[in-house]
Amino acid sequence: MAYDKFNTLKSSAVPLPIENVDTDQIIPARFLKATERVGFGDNLFRDWRYNQDNSLKTEFPLNDSRYSGKVLVGGKNFGSGSSREHAAWAVYDYGFRCVVSSFFADIFRNNCLNVGVLPVQVSAAFLEEIYTAIEKDTNTQLIIDLPTQTITIEATGTSESFDINSYKKDNMLNGFDDIDYLMNIKEQIGEFAKNTPL
Amino acid sequence: MSNTLFDKVWDSHVVQQIEGGPDVLFIDRHLVHEVTSPVAFLGLKNRGVEVMSPERTFATADHNTPTINQHLPVEDPLSANQLKALEENAAAHGISYWGLGHEKNGIVHVVGPEYGITQPGATIVCGDSHTSTHGAFGAIAFGIGTSEVEMVLSTQCIMQPKPKTMRITVNGTLGRGVTPKDVALFIIAQLSTSGATGYFVEYAGDVFKSLSMEGRMTVCNLSIEMGARGGIIAPDEKTFEYIKDREFTPKGAAWDKAMNYWSTLKTDDGASFDKEYTFEGSTIEPMITYGTNPGMGMGISGGIPMADSLEGGVATYKKSLDYMGYKEGDSMIGKKIDFVFLGSCTNGRIEDFRAFTEIIDGRKKADHVTAWLVPGSHKVLNAIKDEGLLDILETAGFELREPGCSACLAMNDDKIPAGKYAVSTSNRNFEGRQGPGSRTLLASPTVAAAAAVMGVVTDPRSLV
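One line per chain: the protein sequences are Z and E, in this order.
The working numbering puts the first residue of the first sequence at 1, with every later residue one more than the last.
The working numbering puts the first residue of the second sequence at 1, with every later residue one more than the last.
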């Protein structure tokens, strides 16, 4: 599915300094019943954002009016657990274009790249620097530059580079997806299939 | 050159290597369920594309299906709509569909092996992270997202960077009351919930060799819970014996040809792994989890670890114990429980029901415990009846439900109420996983049975 191209993003960020955030928290299973990809942002972090009577949990960062922006900054091992792509859809639909963490779970990272959310993995020390900067000034701007693969904290000027393979980088820059690529080599795939043993 | 089993299977399925990018990997078998497929089918429709290989694609309904009164229309309109969508999509594209009430219906990772869809040396994917289960047969099997489901439906390929390799060897033998689930929970506790992220794990050593195919499936199933993309065990006589003569396995000359391929599926002597771990089977106890990720597990006779014994993450650790209502240093033995869930793609097979029944035979379910016993498939359900296990269960005060994923992820009505404790044979103890506010203790069917009859967490070795 097509998504917005990603080049450079300058934005304030929402801090979520919790480790091992699993995709059941990002979007609980009971909200996976749709047959279309619409409205998942409403239920992003549902049980951390809302009490069971649907009142807001005011202390949760997404409900804290001091925080806003298109970047979510999560703790180590972000996106573990279920392969539900709905988690990445919810992150995108809520308005985030980038998730920063010191470590990502594999499937969630892949899913993000496939739906137009850029996962930016930084060192544990840099992650702490981001949290500290946001604590000092909740409007701290982060600059995520995909062409140069760098993330910068504007106020301090400190920056770090991040990894992304050149194929996926090209996709993100141009808003391409893997299916476009695969459809173009379908003939080659068909030939390959003829010689598979199973 | 010496190669690992994983490398052999992966490399033989690479259609194209992209410079600086992922591999285009050919997929032999695609398993589909109702929750992660509708948006993928919609994508096909929007692109005007047909399913490339319907004969390699198998659909079943399991995630949001009710586990009682399956003969009646599904009450929840959203679930009913999703089930209808899968049925229509399967029909439109000529895909086998084993829907609710179908004799072959069941949890996707239970029915795949039961009907011989799962085979050694195959690449198998499904929009479900526990697809790793099928690695028990020497297949490369892993969970994918919905965009990737669309890729496989339309081109029979996905694009994946090749994972690194890890070998986990468990030597020796297991003690009394120690099951495959305990081995897996032990390993995850050692490596942590992210300890194998980026890796594909081969399980080796005497303990895995001695396990039944169902035991191996339990172990491979839980690979994802330490972050691994999948787990794989070299196929052997037990594997071939298990798959022979199942509906979708090759027959006659095709079987012989397949056997030629399958007999090459082992890691060569001298092949190297990116990471190796070795453990001793006799040191493993029956396990139970006390926190909110599967890495937070301990031997059942121990105490909950102190926060200051951990490397970092203290705030997250304390948040987790607060959620569970437990304290550092607490013993788990004797903790009161409210619910027991036997089932899921981890422990919903006939051997799991046998293990459970062995403990409860001659005892009674504790009055305050609600038990949900959910077979992984109709085939398992029928075996429970045929082997006389149902009589034993009913005599002890238990009821059997109909097949499905059920309370493992609580998409249907099988939800553990807020604040209640459930000993569960499933795979995830995340916050709210089994219902908003629910508290999950992951354990083996044996430990679950002991808790069900005693009403508190109990060392099963004290009951046998």
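Treat each hint with caution, since some may be false.
As a list, the in silico DSSO-like pairs of lysine-lysine whose alpha-carbon atoms are at most 27 Å apart [stated by the list, open to error]: (1) Z/K76 to Z/K136; (2) Z/K186 to E/K162; (3) Z/K186 to E/K45.
It should be emphasised that the hints constitute simulated quantities derived from the structure, not laboratory data.
Now the hints, each set against the structure:
As the CA atoms of Z/K76 and Z/K136 are separated by approximately 22 Å, the hinted pair is consistent with the 27 Å bound. For the suggested pair Z/K186 and E/K162, the alpha carbons sit about 21 Å apart, so the restraint of at most 27 Å is met. Under the criterion of a C-alpha separation no larger than 27 Å, the hint pairing Z/K186 with E/K45 is consistent with the structure, at around 17 Å.
The earlier numbered hints are all upheld by this structure, with none contradicted.
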